[in-house]
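Working from the sequences, and respecting the hints, build out all of it.
Chains as they are written, first to last, in this note's numbering: chain A, 1 to 114; chain B, 1001 to 1113.
Read the hints as simulated data drawn from the structure, not as lab findings. Possibly wrong hints are sitting among the right ones.
[Unchecked claim] Derived list of chain B stretches under chain A, where covered just means 3 residues or more per stretch with a C-beta under 8 Å from a C-beta of chain A:
#1 1041 to 1054
#2 1102 to 1113
[What the hints assert, rightly or not] Below, a sample of chain A positions facing chain B; criterion: calculated Cβ distance under 7 Å:
#3 P40
#4 G43
#5 L44
#6 L46
#7 R67
#8 K68
#9 F104
Glycine included, C-beta positions come from ideal geometry on N, C-alpha and C.
If you want the building blocks of each chain, they are given just below.
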Amino acid sequence: GDSVTQMEGPVTLSEEAFLTINCTYTATGYPSLFWYVQYPGEGLQLLLKATKADDKGSNKGFEATYRKETTSFHLEKGSVQVSDSAVYFCALSEEGGSNYKLTFGKGTLLTVNP
Amino acid sequence: AAGVIQSPRHLIKEKRETATLKCYPIPRHDTVYWYQQGPGQDPQFLISFYEKMQSDKGSIPDRFSAQQFSDYHSELNMSSLELGDSALYFCASSRGLDLYEQYFGPGTRLTVT
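The following block contains the structure:
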């Protein structure tokens, strides 16, 4: 079945540091890929998405590129802020089925210190 | 903009009791997904509905049932609760079988004692 593997946390950075959170996936077809963010005590928010190979999703300074050859969708940000502290989930949704349930990775806790 | 509404936000039950969680999707969204997130875990898909019909079923225990009503809201019914059912339960909605975006509610935190 489909699966998502993302780097284990926690990740602790200083403000303005560069962020990379690795994500790789296994899927039978051609999935769409997502990054969701969960702030403390809140629900999941879609951060960015990419629906086909070589697409780059971007939002709020975060970006990720759909790499079919390496089955990866790594999240990057050039300069993190304290307000970026949250749990980040990589997820996929398989195309072609009768529904589009999300399969999530285990999540990576990011803490950004001032 | 209107978001997904879940109620209650917090629920405390004892073992073997029942619980009902409610989800009100974004207006004009006709698809609802339920996910369970255990402590420190990733969300796991439970069940989904499209146009009031079950569209897929994941790792939902037989003790749980769910339905989607004519106004598109959905309810997750949980019986014979166990300690392991303690989790955050998310509902997400989308318009049609939208591949590209599910909008999540804030979740219901269920604690079973």
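Hint check results:
1. 1041 to 1054: holds (count 7)
2. 1102 to 1113: holds (count 6)
3. P40: violated, 12 Å
4. G43: The hint holds - G43(A) has a Cβ within 7 Å of chain B, the shortest such distance being about 4 Å.
5. L44: With Cβ-Cβ at 4 Å, under 7 Å, it holds.
6. L46: Cβ of L46(A) sits 6 Å from chain B, so the hint holds.
7. R67: Cβ of R67(A) sits 19 Å from chain B, so the hint is violated.
8. K68: violated, 17 Å
9. F104: With Cβ-Cβ at 4 Å, under 7 Å, it holds.
In this structure, the earlier hints numbered 3, 7, 8 are contradicted, and the remaining ones agree with it.
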